[in-house]
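Visitor: So you can see what is in the structure, the chains are spelled out below.
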Amino acid sequence: MRYALLVQGPPYSRQAAHSALRFARALLARGHTLESVFFYHDGVYNAARLAAPPQDEPHLVDAWRALHDEHGTRLQVCIAAALRRGLLDEREASRHGKTGHSVEPPFELTGLGQLIDLGLGCDRLVTFSP
Amino acid sequence: MHDRDTQLGGDVLVILRHPPHGSSWLREGLDAALVAAAFGQAVSLLFMGDGVMALAGGQGQGPLGQKGTAPTLDMLAMYDIEALYLESGALSALGLNRDALQLPAQPLEAADIANLIAAHRLVLTF
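Taken in order, these protein sequences are the chains called A and B. Each residue of the first sequence is one higher than the last, beginning at 0 in numbering that gives the first Met the number 0. Each residue of the second sequence is one higher than the last, beginning at 0 in numbering that gives the first Met the number 0.
In isolation and in its complexed conformation, chain B is listed as follows (with noise of 0.2 Å):
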């Protein structure tokens, strides 16, 4: 993995803005990273606001027989998606400790958020 501190860029941007559960727009929202990926393009994912919440530890399916998106979080190294980042300020709204998160991503101020943006050439928001 390069140096993501200073290395923001890449070919596709995921930002993801849903928890887990309650719809479906991060697992669709995770599908269509995944795709892209597959297709041999550089993928960064960033979590935003209720997003963030995709990265808390330990979840499970819920009751509504729905798959969960935890094990997709897992496959993500397999499809060699590693720029994960974050909205700094919303880990600290939602009272997250980033110690607790199942996957590292990278907390970014709002203005380091613009450079991401700037620095890939789609952006998909889910």
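Bound conformation, chain A alone (with noise of 0.2 Å):
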């Protein structure tokens, strides 16, 4: 089956993401495709590139991405949810005068259509929410 999923809980100070990533985990153990996470809401935090947990602490951004170096799973962002909440990528940055970025490749921040697309495309798209 083919699976999105739509994360819009934050990394660190609630559970939603991390359901998630074990769900994510669980699905594709099963040999089920995982087309695309979808963070939305502050669920955009989880690409933020500057996250640097504790090393005795789960690390979501970089479970995330290696989400997607193993599996090709596509991790976007809503732009208009990441650029109000300081997460922004090198284009965006220069765009906005900013002198630094905080989102980066795999992360692509695109529009919510895309979300409306994986929804209808897609098998399954479950939410995990705070």
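If you are wondering where the hints come from, they were derived from the structure by calculation, not from laboratory data. For clarity, every value in this text was computed on a predicted model and none was experimentally measured. Just so it is clear, CB atoms sit at the ideal spot from N, CA and C, and this is done for glycine as well. Heads up, a few of these hints could be off.
Which residues of chain B face chain A? A partial, calculated answer using Cβ under 7 Å [what the hints assert, rightly or not]: (1) 27; (2) 31; (3) 34; (4) 35; (5) 38; (6) 83; (7) 124.
Across the chosen pairs, the derived CB separations fall in these ranges [as the list claims (entries may be wrong)]: (8) B:88 to A:11: 28 to 38 Å; (9) A:110 to B:108: 30 to 40 Å; (10) B:94 to A:96: 42 to 52 Å; (11) B:56 to A:105: 15 to 25 Å; (12) A:28 to B:94: 32 to 42 Å; (13) A:32 to B:70: 35 to 45 Å; (14) A:54 to B:108: 44 to 54 Å; (15) A:119 to B:67: 28 to 38 Å; (16) A:123 to B:73: 33 to 43 Å; (17) A:54 to B:120: 37 to 47 Å; (18) A:98 to B:94: 34 to 44 Å; (19) A:65 to B:56: 44 to 54 Å; (20) A:29 to B:48: 27 to 37 Å; (21) A:70 to B:67: 35 to 45 Å.
Now that you have both chains on their own, put them together as the hints suggest.
Guide: Below you can see the structure in the form of structure tokens.
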């Protein structure tokens, strides 16, 4: 089955993103496909490339990246929700005159239309919210 | 508008469960609904639980400098989002009167809500 996930919880202070990651690994282990993880609302913080949690704690940003590297899962981030929260890739940082960027590939800033496409195009869209 | 009493279906159902103030949930949920409609999908909205408060009339922006959601609700018709539903139990639990709502939304009992969810291809919950 072709899955997509909608993640709306931040990587540290809530459980939603952690549950989403475990669900992602479980469905891949069962032989399903995970097309994309779409980050919206506070879920966009999962794309913060500067996240530096203590070494003995889960590193969700790296875990999502590994999911992309190993399974080709797209990591899509709502651009409107991201910009409001200080999450900008190089292009947006330069467009807004910022000196640094906080989002990098494989995370991609994209529009909400992609979420609708995913929801209608995949067999299942599963939402994880705090 | 077709007969919504018997025709509950559509492409995308957006369920709104948060009140209009205190968080961005309602606003970001409405944004998703507007984008789906702009992409040509038939969109229905279901206001559940505290989300019913979004329909209470006469709301301002609040003191925090964020945009209120009342103007967005007024824009729904422009996006052809006219299938509006609310959880009838929540309306009475919150002490709200249907006549005082900003927009007309059809009250649904729990069993009808299950039918509504089943009658949409995609359900997004905020």
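Visitor: Give a verdict on every hint.
Guide: Evaluation of the provided hints:
no.: 1; hint: 27; verdict: 5 Å, holds
no.: 2; hint: 31; verdict: 6 Å, holds
no.: 3; hint: 34; verdict: 4 Å, holds
no.: 4; hint: 35; verdict: 5 Å, holds
no.: 5; hint: 38; verdict: 5 Å, holds
no.: 6; hint: 83; verdict: 19 Å, violated
no.: 7; hint: 124; verdict: 6 Å, holds
no.: 8; hint: B:88 to A:11: 28 to 38 Å; verdict: 35 Å, holds
no.: 9; hint: A:110 to B:108: 30 to 40 Å; verdict: 36 Å, holds
no.: 10; hint: B:94 to A:96: 42 to 52 Å; verdict: 49 Å, holds
no.: 11; hint: B:56 to A:105: 15 to 25 Å; verdict: 46 Å, violated
no.: 12; hint: A:28 to B:94: 32 to 42 Å; verdict: 49 Å, violated
no.: 13; hint: A:32 to B:70: 35 to 45 Å; verdict: 41 Å, holds
no.: 14; hint: A:54 to B:108: 44 to 54 Å; verdict: 52 Å, holds
no.: 15; hint: A:119 to B:67: 28 to 38 Å; verdict: 30 Å, holds
no.: 16; hint: A:123 to B:73: 33 to 43 Å; verdict: 34 Å, holds
no.: 17; hint: A:54 to B:120: 37 to 47 Å; verdict: 44 Å, holds
no.: 18; hint: A:98 to B:94: 34 to 44 Å; verdict: 51 Å, violated
no.: 19; hint: A:65 to B:56: 44 to 54 Å; verdict: 49 Å, holds
no.: 20; hint: A:29 to B:48: 27 to 37 Å; verdict: 33 Å, holds
no.: 21; hint: A:70 to B:67: 35 to 45 Å; verdict: 42 Å, holds
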